[in-house]
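Chemist: Numbering follows full-length UniProt numbering, with no gaps: position 76 of the sequence shown is 76.
It is worth saying that the hints were derived from the structure and are not from the lab. The structure presented is a predicted model; accordingly, all values stated were derived computationally and were not measured. Everything hinted at is true.
Label pairs and their computed distance ranges (CB to CB):
1) G141 to D51: 34 to 44 Å
2) I107 to T6: 34 to 44 Å
3) P37 to D59: 20 to 30 Å
4) G188 to D163: 14 to 24 Å
5) A191 to D63: 26 to 36 Å
Heads up, the beta-carbon is just placed ideally off N, CA and C, and yes, glycines get one too.
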Amino acid sequence: MPQLRTGWADENTTLVTISIGGNDARFAKVVSACIDPLSVTFCLDPGFHLDGDSDPLVDSEPDVINNLLTPLTQLYQNIHTLAPNAQIVVLGYPHPMTTGLAVSADIACGLTNVPMRQWFAQMTDLLNSVTQQAVTAANVGAVFVNPTSTFAGPPAHEACVPDHSQEWINALTVLEKGTLHPDATGHGAFASLINAAL
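Assemble the whole structure, with the sequences as input and the hints as a guide.
Modeler: What follows is the structure, given as structure tokens:
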């Protein structure tokens, strides 16, 4: 993690908040592949492989996530070594998209379906579970905060909900870098969860 080499964490640090794992879990790549309108194979079919994977996506993705346990554990231990007096708060991930039947009229949201969105939620739950296990295994007094229920509502605040005004996650847009990341309101919700955990 590059930030650990910048000198921001030391014995004077009192609080470290971190949310990590989504990039390592390839979430953006997986979502992009699943909503690719040019794909001739549904991404949850046994015959669908992500580029570079030997196994089908439905098999390889859980393996990728489960394999994050050791590096995440080591990361939290490294943070504690650098900032031994800091409270470490580890943030999990909300479900990226609504799992309900109704979705917004966004074109990209229309490229999803209920099984796909439910699978995204399952993979997010798996990452949160692995993250919580890593927090426990690190044994450095870190606290894990799971935002899933806060974003699930009711009302639901994930991307693709029918009412855009309720979205706390940036809308699903194929080319935007901020896609599926929390917006300002979502970050405010995270801040409230962090404060409650302290």
